[in-house]
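Please construct the entire structure, taking both the sequences and the accompanying hints into account.
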Amino acid sequence: MFCSGWLVWFTRFALVFLPSEAAKPHIIFHVIDDFGWDDPGFRNQQISTPTLNMFHEKGITLNQYYVQPSCSPSRATFMSGRMPLHTGINDWIPNKAYGLPLGETTLPQLLSTAGYKCHAVGKWHLGFFQTEYTPTFRGFDSFYGYYEGSEESQPRCGPGCTQLAWQDVNQYSTNLFADEALRIIDRHNASEPLFLYQAWQGVHAPRQVPEYYVEPYLHRINDTARRAFAGMVTAVDEGIGNITKALEEKKMLANSVVIVTTDNGGPIVDCAGIGASNRPLRGGKCSLWEGGTRGTSLLFAPRYAQQNFAWQGLMHGADWLPTLVEGAAEQRILPGATKPLDGMNVWKQLIGNLPSPRRELYYGLSDSSVGHHGPALRSGHWKLIVGTGGGSGDHPPWWRNFSKLLNLTDDHRPRLFNLQEDPEERCEVIGQDERVSSMLSTIHAYQASSVPQRQGDPSCPSFAPHKSFEGPWLGPWCDVAEVVV
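When we follow the working numbering, the leftmost residue of the sequence shown carries the number 1, and every step to the right adds one.
Just so you know, the hints here were simulated from the structure itself, not pulled from any lab data. This one's a predicted model, so the numbers in the text were calculated from it and none came from an experiment. Treat each hint with caution, since some may be false.
Claimed, not checked - Cut-off 27 angstroms, straight-line C-alpha distance, at most; resulting in silico cross-link-like pairs (DSSO-like, lysine-lysine):
(1) K339 x K58
(2) K117 x K250
(3) K251 x K117
(4) K339 x K117
(5) K58 x K251
(6) K467 x K96
(7) K339 x K96
(8) K467 x K58
(9) K348 x K251
(10) K467 x K117
Take a look at the structure:
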């Protein structure tokens, strides 16, 4: 989608407001879609990302941070604090009759009990076949964005309430979502804590961006796909910069915790390859290789972390829920308030540059788009993949065909890597049978508590767009009763 117009450029921020120690921090949670390890400017000077560079230079860069291989599983994990093996969201959610189960307590629901005003902007992708699965029924006070289209709504906003933003058709979503965030901040009472879930459509496919974002790269990047992708990254960085500037002008920035995370590794070949890069990591989106699961993430929290550093502690996307609720917001999660969490509260360790309490993480399975491979486990600096990681990180097609002819293929054998010595997963470690056996036992323990992949409700009709005079639109299609709003 395209637009006209240009948001103000990034400027330096002067932190002049000193909040009361008792004030709960504002939480701004940016999710950059399909953002690769090698895509921010502080890792690759090929791409201009002044806002992310500022967060890197003045905040915390998470160097051992993991997400799921694809979109919906990571977003379900952010919202629930639980991994896909327990939510049943192992793959990206198509337009089928299921979503993040209603029994899952979400991050905004918990923050609301702590007095937060919660707003969602951008991409949802956690199900919308019934109204109860949409954002304003999952804890958000408002939603502007798309289930699979551009819509706007308010708390418990269902049929007859949701407004279709026809005026925004053919506008560039990155700028639309930035503008909506600015309106939210402008209207917000700064004495109340704000939770803004800013889920950018960029830098996901399609590879589209207004030309003026691409022009700076015409003589810098030869590859046309990478050049357009760089423009998309710069557009998102500009939006994050304008949101940050708005927080400063509202005297909210000094008491804000700003998170930036990808939802998966960059798609380099598989799963809508768009020009992203995960170098030097192996593989990309949808796979269990490090390039598909080790994510770019930053935390900028001037009230709590006055010095920048690269945190080497192990962290998973499931950890954000308890870290933000119990750590940043200092709101205890009461027994029974959620289903058993997979996430851990790493707040003190994160802001204090201390060793992480997390010692292992379960990667789960690769996305079915590349075939279900794995599972995989990380324990300390050791990583075990059962079979293969899937996708472009595997051997090239000619090798797979050649190995089949010679009967060399054994896709189900465990593969062990030492990520401390070999973060690029180039050399399998042999002679560690006892370690492999122990890690396999841990994987089996995880699998024993897993739930099946969610499937569509067979009682629902097949998905079809709704019709209107303005054109087709996408929304809930299987409400079984009138929704109370």
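- Message: Which constraints among the numbered hints does this structure fail? Numbers only, ascending.
- Response: The structure conflicts with hints 1, 8, 10, although it agrees with all the remaining ones.
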